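2 protein chains.
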Amino acid sequence: MTGWIAVAGLGPGAAALVTPEVTAALAEATDVIGYIPYVARVTPRAGLTLHASDNRVELDRARHALELAGQGRRVVVVSSGDPGVFAMAAALFEALEAGPAAWRALDIRVLPGITAMLAASAKAGAPLGHDFCAINLSDNLKPWELVERRVRLAAEADFAIAFYNPRSRARPAALERTFDVLRDVCGDDRPVLFARAVSTPEEVLRIVPLGQAQGEMADMRTLVIVGSSRTRIIAREAGPILYTPRWAP
Amino acid sequence: MTGWIAVAGLGPGAAALVTPEVTAALAEATDVIGYIPYVARVTPRAGLTLHASDNRVELDRARHALELAGQGRRVVVVSSGDPGVFAMAAALFEALEAGPAAWRALDIRVLPGITAMLAASAKAGAPLGHDFCAINLSDNLKPWELVERRVRLAAEADFAIAFYNPRSRARPAALERTFDVLRDVCGDDRPVLFARAVSTPEEVLRIVPLGQAQGEMADMRTLVIVGSSRTRIIAREAGPILYTPRWAP
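Here the protein sequences come in this chain order: A and B. By the count of the numbering used here, the first sequence reaches residue 271 at its end, each step adding exactly one. By the count of the numbering used here, the second sequence reaches residue 271 at its end, each step adding exactly one.
Hints listed in this document are in silico derivations from the structure and should not be mistaken for laboratory results. Being a predicted model, the structure only gives us computed values, none of them experimental. Incorrect hints may appear among the rest.
Stated by the list, open to error - Here are the simulated DSBU-like pairs of lysine-lysine, each with C-alpha atoms no more than 35 Å apart in a straight line: (1) A/K164 - B/K164; (2) A/K164 - B/K145; (3) A/K164 - A/K145; (4) B/K145 - A/K145; (5) A/K145 - B/K164; (6) B/K145 - B/K164.
This is chain A alone, in the form it adopts within the complex (with noise of 0.2 Å):
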């Protein structure tokens, strides 16, 4: 039995953001299992099968990874941006606990790759360049009442703050909420970075002060950050630079 399972992060979307370890497991592989959109950036060949699967169906997909990792096939788990990130590296190790021990001896690595908050900050300058966090807005994975708490204590902490998933179906509002709490602690004048499809044919930045953010502004390909007090704008004709200085006083 030779099969494996590497969970790996295809980046944001541009091509020239997968890394060679990536590419490489690609090639190796009899299998590609993944959400419907990541599995569809995996070029065809023969040999190579590709199942794509739809939204919150991660367990499943984690199973039948771990299941034909047990028959001897090479099968490459994709996520968008870094597998271990709010994505399918967790749910891969959920299924694996609670599945049979037999899975616990099958040969299983993560392949990291440039997530969503890296890829953004880039393309505005350098937002994340002192002390930050990363928030899932996404729903059904804790109570609203802990996101709002995360929220305020991370703004109290003055973390510059990445928002993942800010605009999920089962809780359209939850950003507007978030954005709330943080002018209740932070005011107004906040940065807040609207990096949409970054990297894709589709890439819009957009930034506003905290006090004309709103939630519509997000959808479900946006990545929301919000700036610390130390976070700055340099204004140029080619367009304006956001970032945080590496140090606070």
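Got chain A sorted already, so can you dock chain B onto it with the hints?
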């Protein structure tokens, strides 16, 4: 004048983790600027001038890059990991903001890379699978009181926490004091990952409970991740998997 600057992330060490975008920028460059061990990772070639400098001269390095680009040179400023995370991108923009107005017309791009916490997380499993934060323990960039306050709030928010530069020369006790603060808030049971030189031949991973974590377990090449209350270990013959489930009650 066709000069430009690309502030590029070389990833944690392995060539297989350098993005094609960064490789392409290096192939077009006339000058590479950076800290000695990072410049040493760039293959010399005819027509490419390597400018290696010591640590703690980030602003000098940034001004040098801006001057060279203003003279029409094609300059890659190299960082380890991702240039936007506690690295050269913010330093470049600090120099840009304080410098001559003409610098704002320069063509400047930031090219993201695999930052240390993503590489360490991937090797260990998926400890950053739920909300998390990143804190730089490096000296001289902020007062200790701010570090301590931020660590305490991050623990109260129940983030997994990645610590960069845990053992800087000028503040050798920072990590030990940080563990003391965390034990005060979280108790002794949290798993702590010490990930040294990930993706290089010197890679070593070690996981201990917070009660046994000591500052001396890290050196300047170590990334430390302290789990949240939800972070778990899956025991396996091939070595433990450290991960944080996607959900929280």
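Next on the checklist: Next pair to validate is B/K145 with A/K145; report whether the Cα-Cα distance is within 35 Å.
Outcome noted: holds, 27 Å
Item to check | Pairwise hint evaluation, B/K164 against A/K145, where the allowed Cα distance is 35 Å at most | outcome: Since the Cα atoms of A/K145 and B/K164 sit roughly 26 Å apart, the hinted pair holds (cutoff 35 Å).
Item to check | Distance restraint between B/K145 and B/K164, which requires alpha-carbon spacing of 35 Å or less | outcome: OK: B/K145 and B/K164 at ~30 Å, within 35 Å.
Checklist entry - Holds or violated: are the alpha carbons of A/K164 and A/K145 at most 35 Å from each other? => result holds, 30 Å
Item to check | 35 Å limit on alpha-carbon distance, applied to hinted pair A/K164 and B/K145 | outcome: OK: A/K164 and B/K145 at ~26 Å, within 35 Å.
Item to check | Pair hint A/K164 and B/K164, alpha-carbon separation not exceeding 35 Å | outcome: holds, 33 Å
When the structure is compared with the earlier hints, no violation turns up for any of them.
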